[in-house]
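Peer 1: Sequence:
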Amino acid sequence: MKFAQTNPILGAILYNFLFGISYLPLKILTARLNGDTALLIALRFAICLVILYALKHTGRIHLRSLRDMGISILPICIFQLLNGFFETTGMCFYPSGKASVVLALIPLITTLLAIPFFHEKPSAGQFFFILLSFLGVFIVAGNSEDKAATVWGFFLLLMAAFMSSSLNLCIRKLGNHLTPLDITYAMSFAMFAIYGSISLIKHLVSNELTELFRPLSDPVIIGCLLALSIGSSLYASALRNVIFTHMTMATASSFSGISTATAVLTGVIILREPFGFREFFGLVLVLLGIWVSMHFTIKMGDFLPPIILLYFTYIK
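The numbering of the sequence shown is the working numbering, which starts it at 1 and goes up by one.
I should point out that these hints are in silico values taken from the structure, not numbers from a laboratory. One should not assume that every hint holds.
Unchecked claim - With a straight-line Cα cutoff of 35 Å, these simulated DSBU-like cross-link-like pairs (lysine-lysine) come out:
(1) K56 x K173
(2) K202 x K56
(3) K121 x K173
Said to hold, decoys possible - With beta-carbon atoms standing in for the labels, derived distance ranges:
(4) K202 x N7: 42 to 52 Å
(5) G125 x P219: 43 to 53 Å
(6) F138 x P116: 19 to 29 Å
(7) S217 x L288: 22 to 32 Å
Heads up, the beta-carbon is just placed ideally off N, CA and C, and yes, glycines get one too.
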C-alpha cells in the first residue's frame, strides 16, 4: 500500500484495473445468488472484516475504533451503503460491460459536484466534453436490441454513479483526519452490519435460515467472493482512499477509463456479452470525454497513461 503513496500514478492504474475486472465476479455472483443483493453484500464485506481483524491482531496494520472516528465517518458510510445497493442491484438488470460504461460517469459527476463543494469550476471546453461523455453513455444504454439491458438497471447504475461520486468527495474531505485503512474499515463494517441484518431478518421471516450458509458450499461462489472481497472491496478500496488523499480529484479521476475498458473487454471476451459498433462508438465518446475534460486541469505527464491505454486497447 505504501507504493501508492510514493507512486500515486501506478496506484491509480492498479486501482482502476482491479475495479474494472471486479465486474466479472460480481456478475457471476448476482446470477448464482439469484439476485439476493443483501446476502451478496453481507458475505462480501464479512470476508473483508475477517481479513482486516486478522491483520490488526497480528500487528500488521493499525485500525482506529469506530468510536474514535466519531460521527465524521457517517456520511462516508451512508454513501457507501447506497452505492453498494444501487451497483449490486443494477448489475442484476444490466450487462457488466455496459454497466461499466454507465459507471464511467463517476469522475464527470465528481467534477460537477466539486463546483459547489470545492469551488473547482470546469472550463467551457471541459464542460463540453463532460456533455460528450453523457451522450456516449446514452448511446450505449439506448440499444433496445439488448434484452439484458433495462431502463430500471440503467437508473440504478446511474444512482450508483452519483453515490460513488459523493463518496469520493467525502473521502477527499476527511483524508487529512482518517487513514485510508480506517476509512476502508468503517465502510466494510457499515456494509456488513446493515446488509447482514437485512439478509438475516429476511431469511428468518421466510423460515429459510439455512439458506444463509448454502452459498458457502459452492466453490464458484467462494472463489468469486474471495476475488471480489480481497481484490475490489479491500485492496482496491484502500488504494482509492490513498489516491484521493494524495492526488487532486481531477488527476485521480482521469484514470477511470482504465476500469471501463477492462470491464468492457472482460464482459465481451469472457461473458460473451454483445458489443457492436454502436456500443463501441458510445464507449469511445465516454472515454474521450473523460480524458480530454481532465486534460484541462492536469499536467500532460499525468494525462499520458490513459492515452497510452486507449491506443493499445482500441488501435493496436
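Peer 1: Broken hints, numbered, in rising order?
Peer 2: 7
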